[in-house]
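> Listed here are the chains, written in short residue letters.
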Amino acid sequence: MQRGQAERKSARMHSLPHSEEKEHNSNETTTTSNARVAASSSATPTGAAGGGTSGAPTPPKSLALNQNHHYAPGSDTSGEQEEELLDSRYECAICIDWLNEPVLTSCGHRFCRSCLSAWMQKNNQCCPMDNKRLSVEHDIFPDNYTRREIEQLKRDCPNSSLGCSVVASPIELHRHLPSCPYRRQQEPQEEKCPFAKIKCDFVGRPETNQLEEHLKADMPHHMQLMLQAFQQTAIATWQPHKPSTSGTAMENGHGQQLPPPPQYANGVDEQIVQTMYQRIVVLEQRTREQETRLENLQKQLRIARQQAPVDPRYSNGTIVWRIEHLGALVARLRANANNLEYSHECYTSPHGYKFCARLNIQPRKPHVLSLHVHLMQSENDYHLEWPFKGRIKLCMVHPADAALSQHDTIMTKPEILAFHQPREAISTRGFGFLEYANISNIIQLGFCADDRLLIKIEINIV
Amino acid sequence: MANMAVSRIKREFKEVMRSEEIVQCSIKIELVNDSWTELRGEIAGPPDTPYEGGKFILEIKVPETYPFNPPKVRFITRIWHPNISSVTGAICLDILKDNWAAAMTLRTVLLSLQALLAAAEPDDPQDAVVAYQFKDKYDLFLLTAKHWTNAYAGGPHTFPDCDSKIQRLKDMGIDEHDARAVLSKENWNLEKATEGLFS
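Protein chains in written order, with UniProt numbering: chain A, 1 to 462; chain B, 1 to 199.
The set of hints was computed from the structure by calculation and includes no laboratory data. Beta carbons are placed, not taken as given, at the ideal position from N, Cα and C, and that holds for glycine. All clues given are correct.
Cβ pair distances, simulated, as ranges:
{"#": "1", "chain 1": "B", "residue 1": "Met172", "chain 2": "A", "residue 2": "Val273", "range": "49 to 59 angstroms"}
{"#": "2", "chain 1": "A", "residue 1": "Thr292", "chain 2": "B", "residue 2": "Gly154", "range": "33 to 43 angstroms"}
{"#": "3", "chain 1": "A", "residue 1": "Asp130", "chain 2": "B", "residue 2": "Lys135", "range": "28 to 38 angstroms"}
This is chain A alone, in the form it adopts within the complex:
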């Protein structure tokens, strides 16, 4: 706390008009890089660095690798943290940072004093926001109100998770950070190579791109390290068989002794490479097998899930119509004569006529079900013979006793319009029984077990 106060004092002293500009800027950059150290190392569950850097355990890695491509999400975690809190009222449009020594223009815009004076010196005397002419003497005033507001915003030092107890305004934190005692402890903390686990002892300074360079340049070294690591884990379990080249070497008569296997630079012999290669092949094959198996299983699962109904094209003119919840259906059909219940469709043959069946209840006879068969339009219609000629068998199946099932057969007649080529998706004319079955009979005779009725319709060409 002592320290923080001292800092604040020195900050005041610095805040004289002219020495300010340089001071502010140099502070700013050091802050960002320093804070980055802190933030990346403190990306622990305590989560002082609330930034969305993913992969918290290895921030240096993502940092180094990403910088090349788009923007580096982890490169300025301190900025991230600040920005979430940064209110546009307190932001300088020139440095896009906290207003430092804010000034207000006569056109009503706020900037850091140093930013605006730098702008006024370099360019015509205009406001950076709206290009209104500004005179240094008459149009720019210190905005002490905003300065005090920002001073009121007390925040924990980004190193608070490391034990720093300084609480100060954002501007003061900028000045505090380079000299934060807890930050100093962190300084020797360096960026470790992501391959440190396999004994790469490289360390780089986080604010440089040494690690990135190292990752690019020392790839062969990393490969060798990986090889060694693999050797240690795999050699115990894997028994390499002799390299097949030994036989030919003997035939060639190159002495009785085999030449020692050529050595790689780091002392890993060829045999291990071969072993690894073989192992890789085996593993690859296994993976492929597993993948195929998985694919097949998934396919089966998909089919099972769909419980694929028979393709109507191959239904051979048979509709097996399972009507669930008959009670509810009857109620619905009774409620309105226009309520119709259609079955799924069928084809008499893959290139034949398309049919469906329909149930309804006539308002005049609410106790009987009507059943009709309807021709449907299909892509086959143009090559078929019209009117349709055939036999239609209707069967209301008794679930317990086949002998009780009700059978009806209809023969088509050419003069019946229902068997002419349909002009609508489902022919408006159907053929069947206005009084197909008495609903109370259906229930009494036990056709309707579990509220389910089964009607089978077979349509054959004659």
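Here the structure of chain A is known, so what remains is to put chain B in place on it, guided by the hints.
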């Protein structure tokens, strides 16, 4: 001062990355080197313009004195537009010159360029030839701009007639781009273009 430029660019980068436009893929920005001084922008051709469907790449150089001086921006993708040089990609846009303001950002610059594509200023041209065509033969201007968008920026409109004329010149040993430039300049008059090339 360079420190200020870098820290600002870093912040602006985040601004662009979080912006609506990047979600809609209408603008994009990428780093070219590690020093944050050179960037690569990309803008989508605005709808209802001959540039629709094209992706235009921009070179953005951030001066040491940024944001007190504007970034230097030019088109890398060739484009047929009165305010953009068809040869160098140099842009004539007031905010990139005298009317720059420190409060502007990369995002606003890219959006302004998109707006420039939608609203050309033929009276303040960068490319006099294009500007003349724009004012005098607007239909041909539209055709040429669409053709260039197709040829260089992946736009959807193809013009077999233009392609066959270019092929004719290519058969005479002219480089494809030169052939396109000359034909565009000569309002797709093959004879005049040939004359211009070989006289």
